[in-house]
Amino acid sequence: MRIKRILTAVLAAVTLSSSISSAIPVQADQVDAPYLALGADLSETEKSTVLKLLEVDPAKLDQYMVVTVTNQDEHNYLDAYMDASVIGSRALSSVVVEKKEAGTGIKVKTQNITYCTTGMYQNALATAGLENAEIRVAGPFQISGTAALVGAMKAYGAMTGETIAPENAEAATEELVTTSELGETLQDQSKAEELIGVVKDVIVSEDITEPEKIEAVIDEAAQKLEIELAEEDKAKISSLMEKIGDLDLDVDALKEQAQDLYEKLEGLDLNISQEQVDGFFAAIGSWFQEIWETIKGWFN
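Convert by adding 36 to the 1-based position in the sequence shown; the result is the number in my numbering.
No lab work stands behind these hints, which were simulated from the structure alone. There may be inaccurate statements among the hints.
Derived pair list, reagent style BS3-like, types lysine-lysine, alpha-carbon separation capped at 27 Å [claimed, not checked]:
#1 Lys260 <-> Lys300
#2 Lys135 <-> Lys96
#3 Lys143 <-> Lys96
#4 Lys88 <-> Lys135
#5 Lys96 <-> Lys83
Computed beta-carbon distance windows for the label pairs [as the list claims (entries may be wrong)]:
#6 Thr150 <-> Ser125: 15 to 23 Å
#7 Glu302 <-> Asp255: 19 to 27 Å
#8 Gly139 <-> Ser226: 19 to 27 Å
#9 Asp255 <-> Asp68: 39 to 47 Å
#10 Gly124 <-> Ala271: 24 to 32 Å
#11 Ala266 <-> Glu302: 24 to 32 Å
#12 Asp286 <-> Lys136: 15 to 23 Å
#13 Asp255 <-> Lys88: 41 to 49 Å
#14 Pro94 <-> Ala266: 43 to 51 Å
Even glycine gets a Cβ: it sits at the ideal position worked out from N, Cα and C.
Could you build all of it, start to finish, from the sequences and the hints given here?
Written out as structure tokens, the structure reads:
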């Protein structure tokens, strides 16, 4: 499965790079133009609805750099994490990306998106490497919005001329899917994004890569947020955090880009340090030692 996901991410990056190169070329006076990523399978009526929701005047489309997201693009990114039937056979998610000044962070607004919160998008896009951008996501009717991440990364890549690293794209995609699924399981999307946000914060800031310590961080964060995790969910989060731990991410950059989420986390006083994680293992070690001494006593 791990090899499949790596190959999927590489294929997705190649597809993204080639599709970006086929987008409308950027002229010197269009460097700061907003980018519009449209779902390739929108009908004219659906396209009209989406443009209105994205606050785009159809008469002024020439002021946008337009790229297209195909259903194949969506499958290239998402097949490793979601059932193909969930992704569907039509590319409908559409996104506007506008570059903003340094310090702005990633700002997200959604319309007709039911599965993903703005915080989920912010957190995942920060992992992908996006910086200082306003992003508007819309569907022609109520849709999950998971595939919109593809459009956002595609538009941002075209706007900056930079190909998003395959490992970052893979981690960002898995992060959005994992957080969305966890939100459904918990029936609380906000709790899901908080949990993933605080665990990622600790993993990156404390440079934690060992699977056992990652699991300890997840347990500690879940306890502080009063969340009961099933083993399956914990395994998914752990797998995601192992990938994130291998990325060259700057925790200050993450907090700057996903400002809204991390400001909320600061208010929750969820600080978890390397010392706490080590203390957790020391406590477990002491507990096992006590059990061992008890067992030895049975034979004396």
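For each hint, the structure was consulted:
| no. | hint | result |
| --- | --- | --- |
| 1 | Lys260 <-> Lys300 | 14 Å, holds |
| 2 | Lys135 <-> Lys96 | 18 Å, holds |
| 3 | Lys143 <-> Lys96 | 23 Å, holds |
| 4 | Lys88 <-> Lys135 | 20 Å, holds |
| 5 | Lys96 <-> Lys83 | 14 Å, holds |
| 6 | Thr150 <-> Ser125: 15 to 23 Å | 19 Å, holds |
| 7 | Glu302 <-> Asp255: 19 to 27 Å | 21 Å, holds |
| 8 | Gly139 <-> Ser226: 19 to 27 Å | 25 Å, holds |
| 9 | Asp255 <-> Asp68: 39 to 47 Å | 46 Å, holds |
| 10 | Gly124 <-> Ala271: 24 to 32 Å | 27 Å, holds |
| 11 | Ala266 <-> Glu302: 24 to 32 Å | 28 Å, holds |
| 12 | Asp286 <-> Lys136: 15 to 23 Å | 19 Å, holds |
| 13 | Asp255 <-> Lys88: 41 to 49 Å | 46 Å, holds |
| 14 | Pro94 <-> Ala266: 43 to 51 Å | 47 Å, holds |
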